[in-house]
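> Protein chains in written order, with our numbering: chain A, 1 to 251; chain B, 252 to 502.
Because the hints were derived from the structure by calculation, they are not lab data.
Treat the numbers as computed from the prediction; the structure is a model and nothing was measured.
Using N, Cα and C, we set each Cβ at its ideal position, and we do this for glycine too.
Among the hints, erroneous ones may be present.
Derived pair list, reagent style DSS-like, types lysine-lysine, alpha-carbon separation capped at 27 angstroms [said to hold, decoys possible]:
1) B:Lys499 <-> A:Lys54
2) A:Lys249 <-> B:Lys499
3) B:Lys328 <-> B:Lys339
Facing chain B, from chain A, some residues (calculated, C-beta under 7 angstroms) [said to hold, decoys possible]:
4) Asp186
5) Gly190
6) Gly222
7) Arg225
8) Met234
Number of protein chains: 2
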Amino acid sequence: MSRIGTRRQTRRPADRSAGRSDGRAPVREPAPRVGREQRVLDILQAARAEFCAKGYEQALVSEIAAQVGVVEGTVYKYFATKRELLLKVLEHWYEEMFGDYARDLAGVEGSRQRLQLLIWRHLRTVRDYPQLCQLMFFEFRADRAYRGSELYAMNRRYTRFLTDVIEEGIAAGEFRDDLEPALLRDLVYGGIEHHAARYLGGEGELDIDRIARAIADVLCDGIVRRRTSETLRMEAQRLIALAEQIDKKSS
Amino acid sequence: MSRIGTRRQTRRPADRSAGRSDGRAPVREPAPRVGREQRVLDILQAARAEFCAKGYEQALVSEIAAQVGVVEGTVYKYFATKRELLLKVLEHWYEEMFGDYARDLAGVEGSRQRLQLLIWRHLRTVRDYPQLCQLMFFEFRADRAYRGSELYAMNRRYTRFLTDVIEEGIAAGEFRDDLEPALLRDLVYGGIEHHAARYLGGEGELDIDRIARAIADVLCDGIVRRRTSETLRMEAQRLIALAEQIDKKSS
DNA sequence: CGATATTAGTGAGTCGCACTCACTTTGTCA
DNA sequence: TGACAAAGTGAGTGCGACTCACTAATATCG
Numbered sequence: 001m002s003r004i005g006t007r008r009q010t011r012r013p014a015d016r017s018a019g020r021s022d023g024r025a026p027v028r029e030p031a032p033r034v035g036r037e038q039r040v041l042d043i044l045q046a047a048r049a050e051f052c053a054k055g056y057e058q059a060l061v062s063e064i065a066a067q068v069g070v071v072e073g074t075v076y077k078y079f080a081t082k083r084e085l086l087l088k089v090l091e092h093w094y095e096e097m098f099g100d101y102a103r104d105l106a107g108v109e110g111s112r113q114r115l116q117l118l119i120w121r122h123l124r125t126v127r128d129y130p131q132l133c134q135l136m137f138f139e140f141r142a143d144r145a146y147r148g149s150e151l152y153a154m155n156r157r158y159t160r161f162l163t164d165v166i167e168e169g170i171a172a173g174e175f176r177d178d179l180e181p182a183l184l185r186d187l188v189y190g191g192i193e194h195h196a197a198r199y200l201g202g203e204g205e206l207d208i209d210r211i212a213r214a215i216a217d218v219l220c221d222g223i224v225r226r227r228t229s230e231t232l233r234m235e236a237q238r239l240i241a242l243a244e245q246i247d248k249k250s251s
Numbered sequence: 252m253s254r255i256g257t258r259r260q261t262r263r264p265a266d267r268s269a270g271r272s273d274g275r276a277p278v279r280e281p282a283p284r285v286g287r288e289q290r291v292l293d294i295l296q297a298a299r300a301e302f303c304a305k306g307y308e309q310a311l312v313s314e315i316a317a318q319v320g321v322v323e324g325t326v327y328k329y330f331a332t333k334r335e336l337l338l339k340v341l342e343h344w345y346e347e348m349f350g351d352y353a354r355d356l357a358g359v360e361g362s363r364q365r366l367q368l369l370i371w372r373h374l375r376t377v378r379d380y381p382q383l384c385q386l387m388f389f390e391f392r393a394d395r396a397y398r399g400s401e402l403y404a405m406n407r408r409y410t411r412f413l414t415d416v417i418e419e420g421i422a423a424g425e426f427r428d429d430l431e432p433a434l435l436r437d438l439v440y441g442g443i444e445h446h447a448a449r450y451l452g453g454e455g456e457l458d459i460d461r462i463a464r465a466i467a468d469v470l471c472d473g474i475v476r477r478r479t480s481e482t483l484r485m486e487a488q489r490l491i492a493l494a495e496q497i498d499k500k501s502s
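Kindly produce the complete structure, drawing on both the sequences and the hints.
So this is what it looks like as structure tokens:
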């Protein structure tokens, strides 16, 4: 991680090497000056890696700084606290993800299919970014400052896709009209979160196709055993037949 | 909180009052000696209050010790770390709660009703112990040491009630036989957790009757509008017409 | 009862880490 | 070239979790 010799060394201040009698120069070279935006991106990247690797509490700001090649104080020049840093890391990630939801959704017909697509997409995100999801679900959601943060608003926008699909389904007559979209949303995202907990903890796999199908299936059709329409019709017919017999006899 | 003068003061060690020139004696009197079990209970109680009031991170072990009237080191004599203390607080709470689940359940007939009862009971717990639930859902679940802890096992036993009800429902023919009980469990508990988040954050109310009904309803009957209803109604009408004819003739 | 072992309790620490701030260095622009 | 702004520094400070060598109250036993 030594940057010695990578940049010119003129005008080294006197106190830098003061007290050093040996030839080596363990004093670190100041990091190359770089624009604010670039530094912010560097720090975000290093922070993301650090948080993902160790979780929030175990992550060290000093380690993040070291990865970037700057000193701790520099990190605090751009981010007020460690928590804010986590917040920005997650916001940055969300921005990456957003784009193609609307586009993907546009290509699918039918409320039920669209619902299943959203469930599947969410599961795919969980599968592909387990550590970031872990941070999002546990570290951040627990924060008292969660509500009111920009990330909270982003999350609302994200889950909005699902409540919209529900509402469209109701309007189209495909779904019952006595549903609470918000409750459905909570069942889906909360359910997925719970179900993925084992996987997020590092154990087992996540069969996203199967689970997406199973969730959409339960939500759409319910758990109560249905008499198939065939059975129902047969029963109705039997009733009709009986009634007709009675009718004949009584006449 | 001063205990000065409540116990004899013979043989006070020399360094206790060393350096004190004024008359007051701000040196604290040692806490009265008490059995290990009693101390553990005292500490658990104070810790529960502290964690509930401030959340895990903001809670101070020194404050817990002060509430009990002992010194910080005493707390660490009985609990190795702050996290273990949280763990034991939650375990202690779980033990309180367990008892009457099986009893309550025994009084209800029908898988659907039993399911709704479990949902309602869980919601009631969330409503009555919001801070403890907050700790359970966020602080503790996030912990990497969650799995393998006694509390985890207790939680499994708790949610087992629900998967049992599902399985009984399947066996009784009331529920579909292609369900995954574990997935249902995750939808219920995860969904409730998500839905209660606002309430847990201190905003709004929790209408547990309405929500319990709504969740049970969605899960049981699904969200899809039944297509067979049109056909069924026509057939029902045919039956009604026949019955009316019979009624007329027989009168 | 007195000697000894056991255990509750102490408090002055250490240590790690988030966060601060007065300062230096570098780049920019009149 | 001198002044100003912005980037970067590193030696702190403070706080709170955790430790440990010790003191003193109680239990045990001849």
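> The structure should be examined with respect to each hint, and the outcome stated for every one.
Tested hints:
At most 27 angstroms may separate the alpha-carbon atoms for a hinted pair to count; lysine 499 of chain B and lysine 54 of chain A exceed this at roughly 81 angstroms. At roughly 14 angstroms between alpha-carbon atoms, lysine 249 of chain A and lysine 499 of chain B fall within 27 angstroms of each other, so this suggested pair holds. Proximity of lysine 328 of chain B to lysine 339 of chain B is assessed by CA-CA distance (about 14 angstroms); at most 27 angstroms being required, the pair is judged to hold. At its closest, the beta carbon of aspartate 186 of chain A sits 4 angstroms from a beta carbon of chain B; the interface hint therefore holds under the 7 angstroms criterion.
Using the Cβ-Cβ criterion of 7 angstroms, the hint placing glycine 190 of chain A at the interface with chain B is satisfied: the shortest such distance is roughly 3 angstroms. Against a cut-off of 7 angstroms between C-beta atoms, the interface hint on glycine 222 of chain A holds, since the closest Cβ of chain B lies about 3 angstroms away. With a least beta-carbon distance of about 5 angstroms to chain B, the hint placing arginine 225 of chain A at the interface is held under the 7 angstroms criterion. Restraint check, methionine 234 of chain A versus chain B: the minimum CB separation of about 11 angstroms is more than 7 angstroms; hint violated.
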